[in-house]
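Chemist: Sequence:
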Amino acid sequence: MAKSDPLASYNAKRDFAKTAEPAGTLAKGHGNRFIVQKHDATRLHWDFRLEMDGVLKSWAVTRGPSLNPDDKRLAVRTEDHPLDYGSFEGTIPEDQYGGGTVMLWDDGTWAPIKGKSKQDLAKGHLHFVLDGERMKGEWLLIRLKGKKGEKRENWLLRKIDDAEAGGSDTLVETALTSVKTGRTMQEIAEGKKAKTSAKAKSRTVKAPAFEEVQLATLVDEVPAGNQWLHEVKYDGYRALLSIGKGGTRVFTRSGLDWSEKFPGIVEAAGSLSGAALIDGEIVAFKDGRPDFSTLQTAISEGGDMTLFAFDLLSEDGEDLRTLPQVQRKERLEALLAGCDSRIHYADHVLGAGEKLFDAMCREGYEGIVSKRVDAPYRGKRTKNWLKVKCTKRQEFVIVGWSESSAKGRPFASLLLAVNDGDELRYAGRVGTGFDGDTLEALSAKLDRIARKTPPVEVPKAAAKGAHWVTPKLVAEIAFAEFTADDVVRHASFLGLREDKEADEVVTEKPQKARSGAADVGVAISHPDRVIFPDAGITKGELADYYASVAGILLPWAANRPVSLVRCPQGRAKQCFFQKHDAGSFGEAVHHVDITEKDGTTEPYLYIEDAKGLLTCVQMGTIEFHGWGSLVSDVEKPDRMVFDLDPDEGLDFGDVKKAAEDLKAHLAEIGLASFAMLSGGKGVHVVVPLTPEAEWPEVKSFAERFSRALAQAEPDRFTATMSKAKRKGRIFIDWLRNQRGSTAVLPYVARAREAAPVAAPVSWTELKDIDTAKRFTVKDADTLIERSNSRNLAGWGVADQSLPDV
1 MAKSDPLASY NAKRDFAKTA EPAGTLAKGH GNRFIVQKHD ATRLHWDFRL EMDGVLKSWA
61 VTRGPSLNPD DKRLAVRTED HPLDYGSFEG TIPEDQYGGG TVMLWDDGTW APIKGKSKQD
121 LAKGHLHFVL DGERMKGEWL LIRLKGKKGE KRENWLLRKI DDAEAGGSDT LVETALTSVK
181 TGRTMQEIAE GKKAKTSAKA KSRTVKAPAF EEVQLATLVD EVPAGNQWLH EVKYDGYRAL
241 LSIGKGGTRV FTRSGLDWSE KFPGIVEAAG SLSGAALIDG EIVAFKDGRP DFSTLQTAIS
301 EGGDMTLFAF DLLSEDGEDL RTLPQVQRKE RLEALLAGCD SRIHYADHVL GAGEKLFDAM
361 CREGYEGIVS KRVDAPYRGK RTKNWLKVKC TKRQEFVIVG WSESSAKGRP FASLLLAVND
421 GDELRYAGRV GTGFDGDTLE ALSAKLDRIA RKTPPVEVPK AAAKGAHWVT PKLVAEIAFA
481 EFTADDVVRH ASFLGLREDK EADEVVTEKP QKARSGAADV GVAISHPDRV IFPDAGITKG
541 ELADYYASVA GILLPWAANR PVSLVRCPQG RAKQCFFQKH DAGSFGEAVH HVDITEKDGT
601 TEPYLYIEDA KGLLTCVQMG TIEFHGWGSL VSDVEKPDRM VFDLDPDEGL DFGDVKKAAE
661 DLKAHLAEIG LASFAMLSGG KGVHVVVPLT PEAEWPEVKS FAERFSRALA QAEPDRFTAT
721 MSKAKRKGRI FIDWLRNQRG STAVLPYVAR AREAAPVAAP VSWTELKDID TAKRFTVKDA
781 DTLIERSNSR NLAGWGVADQ SLPDV
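Residue 370 in UniProt numbering sits at position 370 of the sequence shown, with consecutive numbering throughout.
One or more of the hints may lead you astray.
To be verified - Pairwise CB distance ranges, derived in the manner of DEER restraints: (1) Ser117 / Ser700: 52 to 58 Å; (2) Gln511 / Lys195: 24 to 30 Å; (3) Ala337 / Asp437: 27 to 33 Å.
Said to hold, decoys possible - List time: in silico SDA-like cross-link candidates among lysine to any residue, alpha-carbon distance up to 20 Å: (4) Lys778 / Glu541; (5) Lys636 / Lys193; (6) Lys355 / Glu785; (7) Lys579 / Cys567; (8) Lys123 / Gly90; (9) Lys392 / Glu508; (10) Lys18 / Gly108; (11) Lys180 / Lys123; (12) Lys579 / Lys611; (13) Lys500 / Leu215; (14) Lys464 / Arg451; (15) Lys193 / Ala667; (16) Lys512 / Glu330; (17) Lys13 / Ser58; (18) Lys681 / Ala708; (19) Lys472 / Trp258; (20) Lys180 / Ala667; (21) Lys206 / Arg143; (22) Lys193 / Ile669; (23) Lys509 / Asn384.
Quick caveat, the hints were computed from the structure, so don't treat them as lab data. What you are looking at is a predicted structure, and each value in this text was computed from that prediction instead of being measured. Here a beta-carbon is modelled for each residue, glycine too, at the ideal position from N, C-alpha and C.
Work out the full structure, taking the sequences as your base and the hints as a guide.
Modeler: Have a look at this one:
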């Protein structure tokens, strides 16, 4: 019996004299490519395709793939497609099957998870891993039980909860251009030529030189309060990644160039554009967790490694070390968006450090690192970075070894020491944690540095039968505790530390963690003065709110010219704007000199940290409004804001619908946008920008975009400020996007009834919110918890420029 043609249905549905789609030919071989094509046909959907048996098995995902494991996206099985379809991007004629625009939205490889196979597809359950430019990590396809009369198979596509999981909106709402040509759907439909992607742009700034790294202080407990952010402590090698003109280099913590040891990381850095100096930890995984011994094997044998990037010291020639910690991480997240998966952004949580610590210890991780949200980067050990370990472990210097009675074992244990002042001090021995290969490799290294006399004073019992070595090798050791004699108990060898010098090794004694509720260092006078009479909220409570949310507010407010709404006697009494520094705020509040239109220079206010924020509150500030640019280059905006201001008679539902429509129109021209409740009547649609264009260009775009919408739907929108023309309409306030104008910043309190705050929300969440005043200053804990959630992961971050329209 002749074998059926899996592409017969595909070919029968198309007239290849009319469509540019490739004719269906069965391919040979067993590849593992996957692609996703965004397809604007009868209705917009995403075609998910896996290479199997010489064809692309295909599903139409109606709402697009979601990174949220709680979302189960309907995926309708469609006909198999030829492998050549993986390079198709263009327009299918309207009179043809699937007529509409097709974008190559993702491209990469796939594989069944360990223990599974592609044959599971026939059973209706496929568990697999993707490594694409956008979709990564573990996923599931599950076939639903068919109903009578259904002609097609309905499946569900779901993300597995792993390191690549994220928010519902993250992919569909922000990934708007082709991974093949860089074009938007509109540009593809118009037949415009392919763009040069950011990855292909030449690096014109020289790759940065090595800088001294910041080190963490060991403490005995997790610092409390919202002045701290907390990251996983990765079990690997500290590294600085330098990219830019002249090539990529990987430095150790001491400045050694180890690029040759990490070729995969160097290769992965090719997916990044521009010049930067990135701080992080290189790890290798064993059973899903970073493992130091596995990393050493990976280095020697060329295995897989990943860089978890957690800080950004410089970007395109700009020194970022003086910026607050959270602002550096925001810049880092934007830089790493869409990069090779071997370089991974290190997520963090704000507050809730104990929960993260307990979870990491349960899962077998080393511990966590806690960092002050507003601290600059210092190239030394400080108490702005703290480390808390699940088990005791540190480095020791190897000073000798003892003989083994076991056949074939070159030594029984290693003798250890630490630096104590100017001398080495004996610290015990380690006899476990070695496998056969490690024993053999270590023995060879020890033979090369053998010496006759002990380099350290050792107790007689420990010295009996010992062989001595020059104290050059540094070992990472896990242990239960130090005994009363200051030697390790129940020690286990983890690996050699080739990135650390022997003279750096000292005993790490945990110190007491500072309380993070701590003191920002600003005394609030008259804390009991009621400044929101309707809500009974005092000046002290407002200060507490700002101290709590500093970690989520500073990424948007720090190092940006600001105008303050000051209400010294409360929100209802003689409030006024202040944008210039009159010298009354003290050293915690700064100013940047900006030239006005008339040629004069004025000192505009800005803050750098929580202390500056609280100093403004002490001076009667309730609201903070920011420029659309940073003090480092006030002439180049890094965001646009469209403030949707409804007429009094309109419902909030009208505003939400308007915001959704603006998002859709911006997406058509390749701009990702984000929603923020204003804390007043409306919604702000925020559009991040790479700071390249200057104010006149940004203002022109914002005005033309707004007026085009108002002209297209004059019954709904107006782009004119006039109250008379706003009746029954929503004013698209584009005027925020001109030099010197400001917009209220995320998480800022408003001087209005009930003390509402401006709050970021995801597009999915916005659908179910019924007021722009949903959150108030009483909701600090809720806002912080939300900021740690998947829904708001990546909010306000996108690497994008103004389109050529």
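Chemist: For a C-alpha distance cap of 20 Å, please report whether Lys512 and Glu330 respect it.
Modeler: Measuring from Cα to Cα gives roughly 29 Å; hence the hint is violated.
Chemist: Regarding the pair Lys636 and Lys193, is the alpha-carbon distance no greater than 20 Å?
Modeler: violated, 27 Å
Chemist: With a cut-off of 20 Å on the C-alpha distance, tell me whether Lys500 and Leu215 pass.
Modeler: holds, 13 Å
Chemist: Starting from the range 52 to 58 Å, see whether the pair Ser117 and Ser700 falls in it by beta-carbon distance.
Modeler: holds, 56 Å
Chemist: For the pair supplied as a hint, Lys206 and Arg143, confirm whether the alpha-carbon distance does not exceed 20 Å.
Modeler: The hint is violated at about 52 Å.
Chemist: Between the alpha carbons of Lys681 and Ala708, is the straight-line distance 20 Å or under?
Modeler: violated, 23 Å
Chemist: Is the Cα-Cα distance between Lys579 and Cys567 20 Å or less?
Modeler: holds, 14 Å
Chemist: Take a quick look at whether Lys579 and Lys611 sit within 20 Å of each other, Cα to Cα.
Modeler: Holds - the C-alpha atoms of Lys611 and Lys579 are around 18 Å apart, at most 20 Å.
Chemist: Need the status of pair Lys778, Glu541: alpha-carbon distance at most 20 Å?
Modeler: holds, 9 Å
Chemist: Measure nothing beyond the straight line between the CA atoms of Lys472 and Trp258; if it is 20 Å or shorter, mark the hint as holding.
Modeler: holds, 19 Å
Chemist: Starting from the range 27 to 33 Å, see whether the pair Ala337 and Asp437 falls in it by beta-carbon distance.
Modeler: violated, 40 Å
Chemist: Would you check the hint for Lys13 and Ser58, treating anything up to 20 Å between C-alpha atoms as holding?
Modeler: Holds. Lys13 to Ser58 sits at ~15 Å (cutoff 20 Å).
Checked against the numbered hints given earlier, the structure breaks hints 2, 3, 5, 8, 10, 11, 16, 18, 21 and satisfies all the rest.
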